[in-house]
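*Asks:* Sequence:
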Amino acid sequence: MISEVIIIIPEEEAPYLLIFDNENRPCFFTFKKEINTLLKSLELPL
3 MISEVIIIIP EEEAPYLLIF DNENRPCFFT FKKEINTLLK SLELPL
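With my numbering applied, the sequence shown corresponds to residues 3 to 48, in that order.
By construction, these hints were calculated from the structure, which means they are not laboratory data. Note that the structure is a prediction, hence the values are computed from the model and not measured. Careful: at least some of the hints might be erroneous.
With a straight-line cut-off of 20 Å between C-alpha atoms, the simulated EDC-like cross-links for lysine to aspartate or glutamate are [to be verified]:
{"id": "1", "residue 1": "K35", "residue 2": "E13"}
{"id": "2", "residue 1": "K35", "residue 2": "E25"}
{"id": "3", "residue 1": "K42", "residue 2": "E13"}
{"id": "4", "residue 1": "K34", "residue 2": "E15"}
Between the sequences and the hints, there should be enough to build the whole structure, so can you do that?
*Replies:* Given below as structure tokens:
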């Protein structure tokens, strides 16, 4: 179970996902996909 997701978007690097499970353990992921569609669907600034 995932309890929280944090998206970290550095200006000069690929985005990161910080995911916490239901026991509050962090999992950290990087990805290289384009995220403008995600930001737009979440109504966040591009």
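*Asks:* Does each hint hold? Answer for all of them.
*Replies:* A quick look at each hint next to the structure:
1. K35 <-> E13: Roughly 15 Å between the alpha carbons, so the hint for K35 and E13 holds.
2. K35 <-> E25: violated, 28 Å
3. K42 <-> E13: Satisfied, since the Cα-Cα distance of roughly 17 Å is no more than 20 Å.
4. K34 <-> E15: holds, 9 Å
Of the numbered hints given earlier, the model fails hint 2 alone.
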